[in-house]
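J.: Below are the chains, spelled out letter by letter.
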Amino acid sequence: MLKVKKDLVVIGGGPAGLAAAKTAYDDGINDVMILERDFELGGILPQCIHNGFGLHHFKEELTGPEYAQRFINDIEERDIEVKLDTMVLDVTKDRKVYAMNKKEGFLEIEAKAVVLAMGCRERTAGAIGIPGTRPAGVITAGTAQRYTNIEGFVPGDEVVILGSGDIGLIMARRMKLEGADVKAVCELLPYTGGLTRNVVQCLEDYDIPLMLNHTVTAIKGEGRLEAVEISEVDENLKPIPETAKTIKADTLLLSVGLIPENELSKKADVILDDRTGGPIVNEGRETNIEGIFACGNVLHVHDLVDWVTEESQIAGAHAAKYIKDNFEKTGKCAEVKAGENVSYVIPQKIELESGDRKRIPLYMRVSTPLTAVDINLYADGEKLYSFSEPFAKPGEMISVPLAQKTLDDLDNLSEIKVDIIEKEGE
Amino acid sequence: MIETKTLTCVACPKGCEVTVEYEGDEIIDIKGNACPQGQSYAEEEIVAPTRILPTTIRVKNGALALCPVKTTKQIPLEKMFKAMEIIGKKEVEAPIKMGDVLIEDILGTGANIVATRDMQEKL
Amino acid sequence: MNKKYDVIIIGAGISGCAVAWKLARYNLDILLLEKEADVATGTTKANTAIMHAGYNADPDKLKGRLNVKGNEEIREVSKKLNIPYKEIGSLVVGLEDDDLSVIDELYQKGLKNNVKNMEIVDREWLLEHEPNISKKAVKALWAPTAGVITPWEAALAMAQNAVANGAEVKLETAVEDVLVDEGRVIGVKTNQGDFAADYVVNAAGLYADEIARMVGIEKINITPRKGEYYIYDHAKDFEVNHVVFPVPTPISKGIVVTPTVENNLLIGPTSHNVESKTDLATTREGLKEVYNGAKKLYPELDLRDTIRVFAGLRAADDTEDFVIEAAENVKGFVNVAGIQSPGLASSTAIAGYTADILKDEGLILSEKKDFIETREEPVRFYEMSNTERAKMVDQNKDYGQIICRCETVSYKEILDAINGPVGARTVNAVKRRTRAGAGRCQGGFCGPRVVDILAEQLGIDPTEVKQEEGNSQILEYKIKELLGSRVMNNA
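Chains A, B and C, in that order, give the protein sequences. Under the numbering used here, the first residue of the first sequence is numbered 1, with each subsequent residue one higher. Under the numbering used here, the first residue of the second sequence is numbered 427, with each subsequent residue one higher. Under the numbering used here, the first residue of the third sequence is numbered 550, with each subsequent residue one higher.
Any given hint could turn out to be false.
Stretches of chain A that chain B covers, calculated by requiring three or more beta carbons in the stretch to come under 8 Å of a beta carbon on chain B [claimed, not checked]:
| # | segment |
| --- | --- |
| 1 | 44-51 |
| 2 | 63-71 |
| 3 | 149-156 |
| 4 | 193-201 |
Negatives, chain A to chain B, calculated, CB over 10 Å [to be verified]:
| # | residue |
| --- | --- |
| 5 | L2 |
| 6 | D27 |
| 7 | E60 |
| 8 | M211 |
| 9 | E232 |
| 10 | K266 |
| 11 | G339 |
| 12 | N376 |
| 13 | Y378 |
| 14 | G425 |
Hints in this document: simulated from the structure, not taken from any laboratory. Every residue gets a Cβ at the ideal spot worked out from N, C-alpha and C, and that includes glycine.
Make the full structure from the sequences, and use the hints.
T.: Okay, here's the thing in C-alpha cells:
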C-alpha cells in the first residue's frame, strides 16, 4: 500500500474539482492532488460537445470540451498533482482517502482537507419501475451520449426519449443529427425540466414532438427493444389506460433525473439533505465533517456549469482557509430554510466568520413553474428584501445574493428563509 | 398568405414570447419582444434561421475515435443535415489542437469547422 | 458425428448444471448443451434465490423427498464450490387477519419432511429479530435451516467444476431433435451439428415438454408461470434479517421479503400463468401486487432505492411436481422436468436422484480417481477489505483498474470472467459473474467499458456485443454510418 500525505485531496476531476483545486492552489495551498476515475480530466464535459457553457463565467458561449479545456489548462499551468484512471474506494471521517489505479496499486492518502466533487449518476429504468421486458436498447441519455460522442457508436435509429431534462433534449438533437429517427420526447409533468433554449434548438428546430403529460408505460421487445407504449397521465401523474399508444422503437433513452453520487460521502459519515440528495453544507461548502467540503453536482444538481464553477471556487477557497487554520466559526448557526414554492436552498447553514466576504450567493430551485414572481428573503420572520423576476422554472436554478452587509446588520440571527410568490393580479 | 408564428426568443434568459406576422419572406408585424434583440431574432428566425452546429468528426490514430467540433459561426438551419453528411465523410489525423480548422467554409456559408479540444495521437 | 458421449444433458440451468456436476465425478464423457449464450439464462436467473427449508413441499411428492436433502447438502457443496450461500433462516409470518392454523400445518408438514430445528415463535420474538415487521404479526414458523444463495453462481460453479473434471459445455447450441434408433437414444441434432450419446438427460426447463415430445413423450406439459420482483440497491437502509414469507394461500406461496446473499433487498414474486414461454414482461398490476404484498409484512417499506424490476417464469408441469424419470418408450432418455420451486433448493438432490436413474438404466458409474472436488474461490473485490485489495493489486496490476464503480469490480475480474472456464460472452454474463452493472447505476458508467472489454477479448466489433439473447446487440451502428441518404430520410 502506497501511503502519502497531502494538504488537499480533490475527489473528481470534473468542472467542480478543477475549479476547487485551482482556487485552493491560488489561495496558497500548493500541495493539491486531484483523483479522477476516467482517463482524462473534464468530468462529464468532454462528452457534452454542444454549446451553451460559459455564458456567465466567461461571457462567451463555449462547448463542453472548450469549457473543460480552460480549466485543464489552469491545472497544467500549476503544480497540481493529477492521478487519472484512479478510483476512490473509501473516504473516512478523519480524511483518509483510499484509492486504486493500475500503475501504483492501492493508495492511502492522508489529507488535511478533502473536497468531494464526484458529480452525479443518472436515474435508471429499473429505479422508476417501467413495466415490460428488459431488452437491449434501453439506456440512460448520458450513457447514450458517451457512446455517441466518445466511443463512436449510435445505439439505434428509431428513438423515443423519456424525460425532457436537458440531457434528454440535447440527445434528441444529437441522435437526429447523426441520422436517427427521433420520434418523440415524453415528459411526465405538464412542463419541461430543461432550459427553454434547448426546447427550441433541440426539438422545435427538428420537428421532434414534445409530449407533455406523457410517460412510457411499457417496454416491449425480446432481445432488442421493439416498441414502447406511451400513455397520457392525469393530474396525479397516473397513466390513463385508454390513452395508451404503441410507438415502434429500437432505442429508448431515459432522462429521468440525476442523483448526486454520495456513497463515498456516506462512508465518511457526511450527513445528506433528503431534498437535494447531497450533503448539508455551510456557506463555505463544508459538510458536517470537519475539513470535508462538497461542491458541484455531488452537492446538488446544477443546470449550468457556470454555477458549478462559482460554487467550487467557494469550496476551494474555504478548504484553503481551513488548511491554513484560518477557519473561524462564529459559534452561531443560522439555518437557511426553503419557504413556499422553494424546493431547496444551498447552503443550508450560515456559520462562518465573514472575513472579507462581500456576499453569499444562495442557490435555489422553485418547486413549480411560476410567472411574475417575487423572490423574498426573510430573517427571523422579517422580510429583508425582494427580487422580481418575470418567471421561475424548476429546470433553471436561481441565484440570489445575500449581501454580507445585510447579515452584519442583524443581531442574533437564527433563521433565513426564502420563498417565491407569484405577484397578485398579473 | 399571411401567417402567424409565436416563438420563444433565446437571445437572453428572459425568453419573451414573440409573435410574428409574415407573408412568405416578408415580415408584417412583430409583437411581444421586450427589446430590439428580440425583433432581430424573430426576423431572422422566420426568414432564415441559423444555428451553431456542434458535432464530432472521426479521427485517425487519435487518443479518441472522435474529436468534437463546431462551426465558427451560425449557419442556416436548413443546411444542417447536409453539413453533417460532409463532416461525416471526413476523417482527420491527430494530433489536433483546439481551434484547428478541419473543414474550411462548409457549404459556402463562410463558417469553418474547428476542433473544440486538443487531441493527442494514440499512444 | 465423431466422438460418442456417455451422457448429453440438454439445458444448462441449475438442474442441468447440477446433473453435469454430479456425473463428472465418474469416468464418463459428458456434454452439457445450452441454447443461449450463457448458463442459467432461463428460470435459474430470475427466481427468489431461496434454499427452502422444506416444510412447504408436499411429502407425497418428489418435491417433498428431495427438498430437505438438497437443503442439507448445500452446506458442504457451497463451501467446496465457493458458491455464495447464507443460512439466514426463514419465517412464515401470520398477521392478525390470517388463518394462523396454516402455520401449524406447515410445521407438521415440515416434521414429515424431516426439516430440523423448526419452532413456532411469538410476536415478541418477531419484534426482536425482525424489528420492521408489521405490528399486526402474531406468530410465525421459524425454520433456521433455510438460506439464500446466488442461483446463477450455483449453476455456473457446478458447470465450471464439471468442466474442470473433463465435462464439455457447448453454449449457443440448440437441440432441434433427439435421435433414436431401434427404441434407444443415439444422440441429438443441434444447430451446431449432431452429437452422439448413449444417454440423454432432458433438463430443458420451460422447453422440457418440447424436448420430450421429440421422443414421443406426450405426458409432460409445461405451463410458464410468471413471477415479478423488485430489487433494491444494497445500500438500502431497511433491516430485514431473514427470508420472510406471508401465510400461504391455496394458490400462492405469497410475496416474499428477503435479503439476497449480496445484501440487496428482494421482494416478490407474484404467481400467474402466462401464454408464452418468452413472456418475461413485468406488468403494472403485477408490480403493484408485489409492493402491496411486501407492505403487508413491512408497512414502512417504500419504493425508494429500488434499482430493478424483473420477472421470471416457473416451468410448471401439470402434475405440479418434479418429473424425474426414465422414459418408458425410449431407452436411455431421462426427463428432469417440471423443476419449479423448490427446484433450486433441491438441485443437488435432483442431481443424485438422476444419477441413480441413469445407473438403473445401465450407465456405469465408476468414480474418477483424480476427481477435483473443489472450485477455487473467484476473486470478489466488492467483498474484500482494503488491505486484501491492496494485496491483490500488488500481485497483479490489472486488479488496480476499477471498471464498475458501484460494485467495485476490477478489470482483472472481468477478464477472468470472459476467459475462464465457461467464460462470459455477453454483457449480462459478465454481470452475473462479476456484478459489473448490477449496482445502483445499472451499468450507466461501466456499460461502455464492459462492451469495449468484451469486444477486445472476444475479437469482435463492439456492434456485435450482445446483452443476452441472440438479437440483443447493445449498439446498432458505428458513428456516421447513418448519415447521407439515411439522414435525408429521417430529416
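J.: Report holds if the minimum CB distance from E232(A) to chain B is greater than 10 Å, and violated otherwise.
T.: Holds: least Cβ distance 24 Å, greater than 10 Å.
J.: Check the non-interface label on E60(A): least C-beta distance to chain B beyond 10 Å or not.
T.: 12 Å, holds
J.: Tell me if chain B covers the segment 44-51 of chain A under the three-residue, 8 Å CB rule, please?
T.: Result for this restraint: holds, n = 4.
J.: Just double-check D27(A) for me: nearest Cβ-Cβ distance to chain B has to come out over 10 Å.
T.: Answer for D27(A): holds, closest chain B Cβ roughly 28 Å.
J.: Minimum Cβ separation between Y378(A) and chain B greater than 10 Å?
T.: Given a closest Cβ separation of 26 Å, the condition holds.
J.: Would the non-interface assignment of M211(A) survive a Cβ cutoff of 10 Å against chain B?
T.: At about 18 Å from chain B, M211(A) clears the 10 Å cut-off, so the statement holds.
J.: Confirm or reject the coverage of the segment 193-201 of chain A by chain B under the rule of 3 or more residues with a beta carbon closer than 8 Å to the chain's beta carbons.
T.: holds (count 5)
J.: Are all C-beta atoms of chain B more than 10 Å from that of K266(A)?
T.: Answer for K266(A): holds, closest chain B Cβ roughly 34 Å.
J.: So is N376(A) really clear of chain B, every C-beta pair being over 10 Å apart?
T.: Given a closest Cβ separation of 21 Å, the condition holds.
J.: Confirm or reject the statement that G339(A) sits farther than 10 Å, beta carbon to beta carbon, from all of chain B.
T.: 23 Å, holds
J.: Are there at least three residues in the segment 63-71 of chain A whose beta carbon sits under 8 Å from a beta carbon of chain B?
T.: holds (count 6)
J.: Would the least Cβ to Cβ distance between G425(A) and chain B come out above 10 Å?
T.: G425(A) is indeed farther than 10 Å from all Cβ atoms of chain B, at 20 Å.
Consistency note: the structure conflicts with none of the earlier hints.
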